[in-house]
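K.L.:
Those protein sequences? They're chains W and S, same order as listed.
According to our numbering, the first sequence is numbered sequentially starting from 1.
According to our numbering, the second sequence is numbered sequentially starting from 1001.
Simulated from the structure, these hints should not be mistaken for laboratory data.
Given the structure is predicted, the values throughout are model-derived calculations rather than measurements.
Treat the hints with care, as some may be off.
[Stated by the list, open to error] Sample of chain S residues at the chain W side, in silico, Cβ under 10 Å:
1. Ser-1119
2. Gly-1123
3. Leu-1133
Built from N, CA and C at the ideal position, the CB exists for glycine as well.
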Amino acid sequence: MEDRNVKIHVSNLRKCFGDLEVLQDISTDIYEGEVVVILGPSGSGKSTFLRCLNRLEEKTAGEIVIDGKDIYAKGVDINKMREDIVMVFQHFNLFNNFDVLGNMTLAPTMLKKASKEEAKDNAMKMLEKVDLVEKAHVYPAQLSGGQKQRVAIARALCMNPDIMLFDEPTSALDPEMVGEVLNVMKALAAEGMTMVIVTHEIGFAREVADRIIFMDGGYIVEEGTPEEVIGNPKEARTIDFLNKVL
Amino acid sequence: MEIIITKYGGLLLKAMGQTLILALYGLFFACIVGLIFGLMSVIKNKVCNVIAQVFVFVIRGVPMIVLAFFIYFGVPYFLNTIVGVGKQVTLTALQAGTICLTLNCGAYMAEIIRAGIQSVDIGQMEAGRSLGLSYAKTMRKIVMPQAIRTMIPSIINQFIITLKDTSILSVIGFPELVNSAKNVQANTFLSFQTWAVVGIMYLVVITILSYAAKLIERRMNRGR
Ligand SMILES: Nc1ncnc2c1ncn2[C@@H]1O[C@H](COP(=O)(O)OP(=O)(O)OP(=O)(O)O)[C@@H](O)[C@H]1O
Ligand SMILES: [Mg+2]
Chain W
1 MEDRNVKIHV SNLRKCFGDL EVLQDISTDI YEGEVVVILG PSGSGKSTFL
51 RCLNRLEEKT AGEIVIDGKD IYAKGVDINK MREDIVMVFQ HFNLFNNFDV
101 LGNMTLAPTM LKKASKEEAK DNAMKMLEKV DLVEKAHVYP AQLSGGQKQR
151 VAIARALCMN PDIMLFDEPT SALDPEMVGE VLNVMKALAA EGMTMVIVTH
201 EIGFAREVAD RIIFMDGGYI VEEGTPEEVI GNPKEARTID FLNKVL
Chain S
1001 MEIIITKYGG LLLKAMGQTL ILALYGLFFA CIVGLIFGLM SVIKNKVCNV
1051 IAQVFVFVIR GVPMIVLAFF IYFGVPYFLN TIVGVGKQVT LTALQAGTIC
1101 LTLNCGAYMA EIIRAGIQSV DIGQMEAGRS LGLSYAKTMR KIVMPQAIRT
1151 MIPSIINQFI ITLKDTSILS VIGFPELVNS AKNVQANTFL SFQTWAVVGI
1201 MYLVVITILS YAAKLIERRM NRGR
């Protein structure tokens, strides 16, 4: 794991909403192909951190460098940047006015990444990956939660991204559907996708994470391998949190 | 009743035509104005937000009859006498009426469009943006189509109100239905018959319009 490329470099990131300091001072490096799971209590700033990584939120101070480029620099094409770093949301956010295939081909065709035909072929391949080929022409309203999230992941994959951000992708799912989504994510991790995942699925984190980041109060309290952070936590707040969720 | 229909029917129908022309002009420009101010109130720009709010606030707070007098008499007076722009400015009743409807209906349309856009889950915009689509592209392809679906009933309702509001513009002398009916009444003294016919004429047109609107609404809802 020595000569790995730094994919995302975060230094001294701060984020306030008005008077509320949500991220205090976050610094970390995320490497190419690494799977990072972020744990932490509600309100600790996990989502905000994730959303700063693709500028769905604007930082207050600090620096985020992706592939050597400061994403907050003047003149950065924020839309271009987001084509490579896609996000999967807790509530799926499939486009309700498009069917599954439409959801998956809209951005690639509008952004001229592919012709209609190519985008469609690619979308079908991605649907195969998440095992939903038969749902290609169905509207989101007719899918189960687990299916929606798998489509959302497939939609993100259609952008051929470098980095995928997941914000509690299974938290809105009925328990019996969590597994199918986690399995898709496990497969992506195995393929070497760079992933940053906010989740409360400790078992999943232990299994797929290369590194766990535990956040509380806008700080990174503890980070390390799953064995270190989950198996043998050092900080009182981490221990406290794990006791509550395990 | 027969006299009104046989002798003045043609005239009243023509006046109804004028009513529809005025309403059509008004609605057309109101849609544009409503879209502009509606978008101005949802984009992330304080100045635009305030301008849109003030526009809606003013139009909502002023009765349309006052607005009509203000535009037809007040504005030309202001330009000619107070500002003094070289040549005499006058507005025809159609022009003033169109402006009046545009502003009035436009303000309500702006509110309908704002509410419609805000009713679409913010996640739709975020998902579009996080796939690299611009604000404008996401708005056009994802948010607006969903917003319009929820707006249709209110828009139809507003169209009907505006069509009826054209009658207020009889006060500035535009020869729409009410104005013409006043003349018919003056000539015939058959006030009951005249206004009954006029009322029925409005009713018929609005019924047809509502029916057409229902068809459109149903067709739009079928696509999902
Ligand atoms: N747009 C916003 N405006 C104001 N405050 C916000 C905004 N977004 C988040 N916050 C606040 O920032 C804090 C951190 O929120 P964040 O969503 O990042 O927490 P989280 O760790 O993801 O929590 P959860 O596990 O509940 O999702 C919370 O106190 C929240 O109320
Ligand atoms: Mg969160």
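K.L.:
All hints are to be evaluated individually against the structure, with a verdict given for each.
P.N.:
Hints, one by one, checked against the model:
Interface hint at Ser-1119(S): violated, since its Cβ lies 12 Å from the closest Cβ of chain W, which is beyond the 10 Å cut-off. Of the supplied interface hints, the one on Gly-1123(S) holds, with its beta-carbon coming within about 4 Å of a beta-carbon of chain W, less than 10 Å. Hint status for Leu-1133(S): holds, given a least beta-carbon distance of 6 Å to chain W, under 10 Å.
Going through the hint list in order, the structure does not satisfy hint 1, though it satisfies all others.
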